[in-house]
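Kindly generate the complete structure, drawing on both the sequences and the hints.
When we follow my numbering, the leftmost residue of the first sequence carries the number 7, and every step to the right adds one.
Keep in mind that a hint or two might mislead.
Stated by the list, open to error - Straight-line alpha carbon distances no greater than 20 Å define the calculated SDA-like cross-link-like pairs of lysine to any residue that follow:
no. : residue 1 : residue 2
1   : Lys64     : Lys30
2   : Lys113    : Val155
3   : Lys73     : Lys113
4   : Lys73     : Lys156
5   : Lys73     : Ala25
6   : Lys90     : Ile102
7   : Lys73     : Ser22
8   : Lys30     : Leu55
9   : Lys30     : Ile102
No lab work stands behind these hints: they were computed from the structure.
None of these values were measured; they are calculated from a predicted model.
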Amino acid sequence: MKHWLFKSEPGSISISDLAASPKKTTHWEGVRNLQARNFLRDDVARGDLVFFYHSNAKPSGIAGICKVTRAGYPDHFALDPESKYFDPRASKDNPIWYMVDVKLGQKFSEIIPLSRLKETPGLEGMMVCRRGSRLSIQPVTAGEWKIIVKLAARL
DNA sequence: GCCAACGTTGGC
DNA sequence: GCCAACGTTGGC
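So this is what it looks like as structure tokens:
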């Protein structure tokens with residue numbers, strides 16, 4: 007089992023929105039970056055655990071934990087001209103973009119802010135802690151996962 | 001295939 | 001709202 011960090015702007019979907027969703031489950035659609043797409047298509051597996059990260063938020067940081075309930079499959083929003091994620095290059099035979107499904111596991115009582123992550127020993131190598139890192143689907147090491155879960159337990 | 005211009009992300 | 005960093009586009 008692997009660990010990930012998925013970013014979302016709360017205005018798009020927040021962890022509270024996910025908590026209020028049917029079965030507390032959502033598609034993770036709209037990823038339109040090749041590197042992130044490759045993770046979704048090739049690496050994110052059912053059962054993997056995910057930190058739900060709020061970006062462009064007050065504060066930005068990790069809001070909780072989700073579980074992947076469905077591995078990568080074509081993001082059909084790319085085929086829908088009405089969708090803001092529409093991509094005219096995508097087709098049924100060549101979906102280009104992929105999504106996964108995630109289910110809320112645990113919503114933390116508070117956000118663990120990015121500033122906290124940055125000052126926590128052992129997390130220096132995390133992509134999200136590095137300036138200018140825009141990747142919205144990021145792998146997290148088992149060690150980093152453990153450290154952050156410990157932080158969450160002390161909230 | 002280079003790279004300047006442009007658009008987007010996202011912290012602050 | 002600013003702007004740095006990054007990804008993508010398109011002219012050549």
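Each hint, compared with the structure:
Proposed proximity of Lys64 and Lys30 is contradicted: the alpha carbons are some 23 Å apart, above 20 Å. At roughly 12 Å between alpha-carbon atoms, Lys113 and Val155 fall within 20 Å of each other, so this suggested pair holds. The hinted pair formed by Lys73 and Lys113 meets the criterion: a straight-line CA distance of about 12 Å does not exceed 20 Å. Between Lys73 and Lys156, the direct Cα distance comes to roughly 18 Å. Compliance with the 20 Å bound is thereby established for this hinted pair.
Our distance criterion of 20 Å between C-alpha atoms is met by Lys73 and Ala25, whose separation comes to about 13 Å. A distance of roughly 16 Å separates the Cα atoms of Lys90 and Ile102; the hinted pair therefore holds under the 20 Å criterion. Our distance criterion of 20 Å between C-alpha atoms is met by Lys73 and Ser22, whose separation comes to about 15 Å. The straight-line distance between the Cα atoms of Lys30 and Leu55 is roughly 15 Å, inside the 20 Å bound, and the hint therefore holds.
Only pairs whose Cα atoms come within 20 Å are accepted, and Lys30 paired with Ile102 is rejected, the gap being roughly 27 Å.
Taken one by one, the earlier hints fail for this structure at numbers 1, 9, listed in ascending order.
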